[in-house]
Amino acid sequence: GAPASIRSVFDLMNHSTPEAWEHIAARLRAVPAAMDGYRATLELGLANGRPAARRQALVVAEQCATWAGNGDGGWFGGFIKDATGAGADAGLQESLEAAARDAGNAYGLLSTWLSDVYAPQASESDASGDERYQAWARLLLGTDLDLDEAYAWGWEELGRLEAEKAKECAKILPGASFLEVRELLITDPARSVHGVDAYRDWLQSVTDEAIDGLDGSEFDIHPSIRRCDVRIPPEGSAAAAYYT
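Everything in the sequence shown is counted per my numbering, starting at 6 for the first residue and increasing by one.
The set of hints was computed from the structure by calculation and includes no laboratory data. Predicted model only: the values in this text are computed from it and were never measured. There could be a bad hint or two in this list.
[What the hints assert, rightly or not] Across the chosen pairs, the derived CB separations fall in these ranges: (1) Q139 / A203: 24 to 30 Å; (2) L63 / T22: 36 to 42 Å; (3) I177 / H199: 16 to 22 Å; (4) L63 / V211: 33 to 39 Å; (5) R231 / L63: 37 to 43 Å; (6) A203 / E169: 46 to 52 Å; (7) L17 / V211: 19 to 25 Å; (8) P23 / G50: 23 to 29 Å; (9) N19 / L152: 36 to 42 Å; (10) A7 / L166: 44 to 50 Å; (11) E162 / I226: 23 to 29 Å.
For glycine and all other residues, C-beta sits at the position ideal for the given N, C-alpha and C.
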């Protein structure tokens, strides 16, 4: 959603020079207006009888509260602490701190509004319906889907992947169930990566290997998108790995 997208923009920004931090400060100052615009969109949806799911609203409210902090800028306050090491002077640091506090407070206000105002008016159903699904498909995929065809293909893919999963499980622990294999992979020290830094390094090596193996073989990867930096997501982000 918009709150996650807006926060993640800062993950991708250059922050190695004072000039780069000036750009970050300008974008931080724009966060409250962006949150107001998102809220206005949700209010219009309510007015038109198109609420989102209540469960979704409450999860996003919790996510926003995690990033908002307690008047200290929250996640944004922690993010701008690197500015000093990049050469930001006292004036720029002060500007960043003020902008971070305003950004965090904007997330806090949205969190309160989502939980106290929006959620009581939201839908009990998690489903979006065909019309909204088609609109999002056009936005994200640039195409019009045949929903029945796409759904049937999805079930076929699930069956194919389940069969592949069974084959891999048999290679790891013949005769065992998926849950038994899963437990082994989670608990076996020889199959584990220990510590956050080791996990990040391992995932970076896997990513680099995939790019090197695919580029020029399966397809050409443009140099502008060939670099992929692995990072550990902040608290409140997706529980699973994701990419931007």
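inquiry  = Of all the hints numbered above, which does this structure not satisfy? Sort the numbers upward.
reply    = 1, 6, 8, 10
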